[in-house]
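Those sequence lines, one after another, are chains A and B.
Mind the numbering: the first sequence is residues 68 to 323 in my numbering, read in order.
Mind the numbering: the second sequence is residues 9 to 598 in my numbering, read in order.
Everything labelled a hint here was simulated from the structure, so no lab data went into it.
Keep in mind that the hints are not guaranteed to be accurate.
[Stated by the list, open to error] Cut-off 25 Å, straight-line C-alpha distance, at most; resulting in silico cross-link-like pairs (BS3-like, lysine-lysine):
hint, chain 1, residue 1, chain 2, residue 2
1, B, Lys377, A, Lys129
2, A, Lys129, B, Lys468
3, B, Lys458, B, Lys100
4, A, Lys206, B, Lys165
5, B, Lys223, A, Lys129
6, A, Lys217, B, Lys165
7, A, Lys214, B, Lys100
8, B, Lys123, A, Lys214
9, A, Lys169, B, Lys223
10, B, Lys165, A, Lys214
11, A, Lys285, A, Lys129
12, B, Lys123, A, Lys217
13, B, Lys458, A, Lys129
14, B, Lys100, A, Lys217
15, B, Lys100, A, Lys129
16, A, Lys129, B, Lys476
17, B, Lys458, B, Lys468
18, B, Lys223, A, Lys206
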Amino acid sequence: MATATANPAGKASAFEEMGAVPSFQVTLFVRRFDPESGEEAKWEDFDVQVHGTDRVLDALHKIKWEQDGSLTFRRSCAHGVCGSDAMRINGRNRLACKTLIKDLDITQPIYVEPIKGLTVEKDLIVDMNPFYEAYRDIKPFLIASDKPEKERLQSSVERARFEDTTKCILCAACTTSCPVFWTDGQYFGPAAIVNAHRFIFDSRDEGAELRLDILNDKEGVWRCRTTFNCTEACPRGIEVTRAIAEVKQAILRGRP
Amino acid sequence: MTTPKVHHYEYDVVIVGAGGAGMRAAIEAGPHAKTAVISKLFPTRSHTGAAQGGMAAALANVEEDNWEWHTFDTVKGGDYLVDQDAAEILAKESVQAVIDLENMGLPFNRTPDGKIDQRRFGGHTRDHGKAPVRRSCYSADRTGHMILQTLYQNCVKLGIEFYNEFYVLDLVMNTVDGVERPSAVVAYELATGEIHVFQGKSIVFATGGFGKIFKTTSNAHTLTGDGVGIIWRKGLPLEDMEFYQFHPTGLAGLGILLSEAARGEGGILRNSSGERFMERYAPTIKDLAPRDMVARAMANEVREGRGAGPNKDYVLLDLTHLPPAVIDEKLPDITEFARTYLGVEPYTEPVPVFPTAHYAMGGIPTNVKAEVLRDNTTVVPGLYAAGECACVSVHGANRLGTNSLLDINVFGKRAGIYAVEYAKTAKHVPVPENAVDEVLALIERVRNSKGTEKVATLRKELQETMDKNVQVYRTEDSINESLDKITELRERYNHIAIQDLGQRFNTDLLEAIELGFLLDLAEVTAYTSRERRESRGGHFREDFDTRNDEKFMVHSMAYKTGENPKAGEDIKLGWKPVTITNYPPMERKY
Numbered sequence: 068m069a070t071a072t073a074n075p076a077g078k079a080s081a082f083e084e085m086g087a088v089p090s091f092q093v094t095l096f097v098r099r100f101d102p103e104s105g106e107e108a109k110w111e112d113f114d115v116q117v118h119g120t121d122r123v124l125d126a127l128h129k130i131k132w133e134q135d136g137s138l139t140f141r142r143s144c145a146h147g148v149c150g151s152d153a154m155r156i157n158g159r160n161r162l163a164c165k166t167l168i169k170d171l172d173i174t175q176p177i178y179v180e181p182i183k184g185l186t187v188e189k190d191l192i193v194d195m196n197p198f199y200e201a202y203r204d205i206k207p208f209l210i211a212s213d214k215p216e217k218e219r220l221q222s223s224v225e226r227a228r229f230e231d232t233t234k235c236i237l238c239a240a241c242t243t244s245c246p247v248f249w250t251d252g253q254y255f256g257p258a259a260i261v262n263a264h265r266f267i268f269d270s271r272d273e274g275a276e277l278r279l280d281i282l283n284d285k286e287g288v289w290r291c292r293t294t295f296n297c298t299e300a301c302p303r304g305i306e307v308t309r310a311i312a313e314v315k316q317a318i319l320r321g322r323p
Numbered sequence: 009m010t011t012p013k014v015h016h017y018e019y020d021v022v023i024v025g026a027g028g029a030g031m032r033a034a035i036e037a038g039p040h041a042k043t044a045v046i047s048k049l050f051p052t053r054s055h056t057g058a059a060q061g062g063m064a065a066a067l068a069n070v071e072e073d074n075w076e077w078h079t080f081d082t083v084k085g086g087d088y089l090v091d092q093d094a095a096e097i098l099a100k101e102s103v104q105a106v107i108d109l110e111n112m113g114l115p116f117n118r119t120p121d122g123k124i125d126q127r128r129f130g131g132h133t134r135d136h137g138k139a140p141v142r143r144s145c146y147s148a149d150r151t152g153h154m155i156l157q158t159l160y161q162n163c164v165k166l167g168i169e170f171y172n173e174f175y176v177l178d179l180v181m182n183t184v185d186g187v188e189r190p191s192a193v194v195a196y197e198l199a200t201g202e203i204h205v206f207q208g209k210s211i212v213f214a215t216g217g218f219g220k221i222f223k224t225t226s227n228a229h230t231l232t233g234d235g236v237g238i239i240w241r242k243g244l245p246l247e248d249m250e251f252y253q254f255h256p257t258g259l260a261g262l263g264i265l266l267s268e269a270a271r272g273e274g275g276i277l278r279n280s281s282g283e284r285f286m287e288r289y290a291p292t293i294k295d296l297a298p299r300d301m302v303a304r305a306m307a308n309e310v311r312e313g314r315g316a317g318p319n320k321d322y323v324l325l326d327l328t329h330l331p332p333a334v335i336d337e338k339l340p341d342i343t344e345f346a347r348t349y350l351g352v353e354p355y356t357e358p359v360p361v362f363p364t365a366h367y368a369m370g371g372i373p374t375n376v377k378a379e380v381l382r383d384n385t386t387v388v389p390g391l392y393a394a395g396e397c398a399c400v401s402v403h404g405a406n407r408l409g410t411n412s413l414l415d416i417n418v419f420g421k422r423a424g425i426y427a428v429e430y431a432k433t434a435k436h437v438p439v440p441e442n443a444v445d446e447v448l449a450l451i452e453r454v455r456n457s458k459g460t461e462k463v464a465t466l467r468k469e470l471q472e473t474m475d476k477n478v479q480v481y482r483t484e485d486s487i488n489e490s491l492d493k494i495t496e497l498r499e500r501y502n503h504i505a506i507q508d509l510g511q512r513f514n515t516d517l518l519e520a521i522e523l524g525f526l527l528d529l530a531e532v533t534a535y536t537s538r539e540r541r542e543s544r545g546g547h548f549r550e551d552f553d554t555r556n557d558e559k560f561m562v563h564s565m566a567y568k569t570g571e572n573p574k575a576g577e578d579i580k581l582g583w584k585p586v587t588i589t590n591y592p593p594m595e596r597k598y
């Protein structure tokens, strides 16, 4: 068992090739807005020296730490699990910490702007409260009347039914990529529906009817036009449009 | 300069921090007392969400196990510096803690008969070290994400009041009946720059760790130890600060965490020649030895020239013998990290890894009721701490994997219960007239500083000296080098300048304030590392390379004693006995 037959260390890994990528210069055009200046939002460009493994978040940090400390954005974990740094990068919603610069077209400037459909507070920071409110409105918690002494049983098949939608990190990349949400801020939006899905299809939950009723509202699932922007935008790879479709079907059936 | 607006609030229980420990406390406190949770981040951004592998509990769902074995493993894993009464509580209450989470809705992976599934993890063994045991309850490799989401979901259900993106910068104490007690915390609101004073009968610190004192770390940018730093500045002690855990498998060069679950599921560490080197260091449990031993073994392989890669500066985590279906089901996130950040395909290629600063075993000393101590035994009435910021001490000199998600649930819950119990009979401690003065002065000092030093430069230099001198291997000389550097950085910190002078969303200002906390905590970490002239758990001194129970079978207790520009000269060090119940110290072999 001990030392396996293969010698995987012998292979030149893709990582080594990446390490060999020399540092290079890119230009970032960042959408700036200072609420205290009284001025309109504007584009500002920065030249940054970056590495093969650098992400857009690293470039933003280089700007903030070396060139302009007033550049403002949210970030925390820096590896795609906390959901703080969703932004529009070259016109697509992404997490800045999960977007490697070398994977973008670096012969062109990189455009970075706040996610759309929520009020811009400063630079890349938007007011997330309407997004969080929609999430809270769908009752994002297990509703169960039993009081078990031990764990509730659930088969792997039952768990698999909603596994995909448990991955959501509430980054808002999906909701703010949705054309319906851009024009109608009252729409619950993909993220809220994803989180409703997570409970509607959980075998332990008894609140499906309640949530399906909430999402049958005129601002609910029927506003979805199946453009798939949300699925493309999700940094967690959740099949958002499919989850919405499953919720629509459940409403029509009257049960999960 | 205009003085910012100051707001006042009165609560029974004020919880600082909305990660696992803070929200677990809130779930206990909320239904019974007027409770506020104050957090520098929106709750689901907290770093509990980055935890991957699982939460230990001797459920015995898949094989024989019991809490006593878990207690023993925790004590031995912590190199006998664990307080054994606390470890017993941790292990005994683990089963209920897991059941609580399941009942709240957490989607654990399941066994074929529908129970919570369990897997192996480093240092967790059957019958006192005989073989690895399946004790970790998990949800793929995103257990922390699921815990954080589930706790937040239940806070929403209970209608817990949150103040998000509020940075707590000070704890206000006041003396009543001859005893110094907590009265309020003072927070800076990111959105407006306004000041908020939260008076509470009980105040709970659940502010997480401070991995950003190091350069290579699995920790979030926001983990700057503000809470621990506030306690330090109050003159209250910090315990066992020399014990910092370096997780063996950070993505090489980046420090992003790859769960120990990768090895729990069968992953193997190899050096440049493909050798499974852990067989030499821990013959019985090999790759599943505790983290301190694995991290040192890896660093040693590299030092002795057996590292992989063009610069021979990392080792390899080999998952290529695992079926892709197992990888997809059990380790989906971490394998995606390898693909995204290093361009490595774990199905077919080994992943470059190297130790990454991960977890503070030390912190704010508490008893098993999560009450903060002002010396070895005296409680600060009404003040609580839980989670990574606290030191109970259940982790001793080295924490076992999956014991931290357990810690936040067991001691977060306890903090909530005892904070409510105290608040039921206690009165509010009056807020002194000058309560906000220190915070206002701190903000104005940073805002008006007209120097030439950049915060980012100083932070980088601090992180570099800590990585170089106070990492897996330490010596008196290397530690002194870091202390000298910290002295220099502290002087330069007096001459910083920030560029953003606005009131709204001023992260430039906050990064400067956070650096102040980092400098303090790096100093304490380096100082206590120098004074513990032995090797134990995560603290390895090359100049004192064995454990010395005669002199150092004690917790360190560091106190700030005033202002002295020279790092280490403003610290008084005491020692506190370790509580031993059933397990006398033995040699630690695996």
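Each hint tested on the structure:
| no. | hint | result |
| --- | --- | --- |
| 1 | B:Lys377 to A:Lys129 | violated, 44 Å |
| 2 | A:Lys129 to B:Lys468 | holds, 12 Å |
| 3 | B:Lys458 to B:Lys100 | violated, 55 Å |
| 4 | A:Lys206 to B:Lys165 | holds, 7 Å |
| 5 | B:Lys223 to A:Lys129 | holds, 15 Å |
| 6 | A:Lys217 to B:Lys165 | holds, 21 Å |
| 7 | A:Lys214 to B:Lys100 | holds, 21 Å |
| 8 | B:Lys123 to A:Lys214 | holds, 16 Å |
| 9 | A:Lys169 to B:Lys223 | holds, 23 Å |
| 10 | B:Lys165 to A:Lys214 | holds, 16 Å |
| 11 | A:Lys285 to A:Lys129 | violated, 45 Å |
| 12 | B:Lys123 to A:Lys217 | holds, 10 Å |
| 13 | B:Lys458 to A:Lys129 | holds, 22 Å |
| 14 | B:Lys100 to A:Lys217 | holds, 15 Å |
| 15 | B:Lys100 to A:Lys129 | violated, 48 Å |
| 16 | A:Lys129 to B:Lys476 | holds, 23 Å |
| 17 | B:Lys458 to B:Lys468 | holds, 20 Å |
| 18 | B:Lys223 to A:Lys206 | violated, 40 Å |
Checked against the numbered hints listed earlier, the structure breaks hints 1, 3, 11, 15, 18; every other hint is satisfied.
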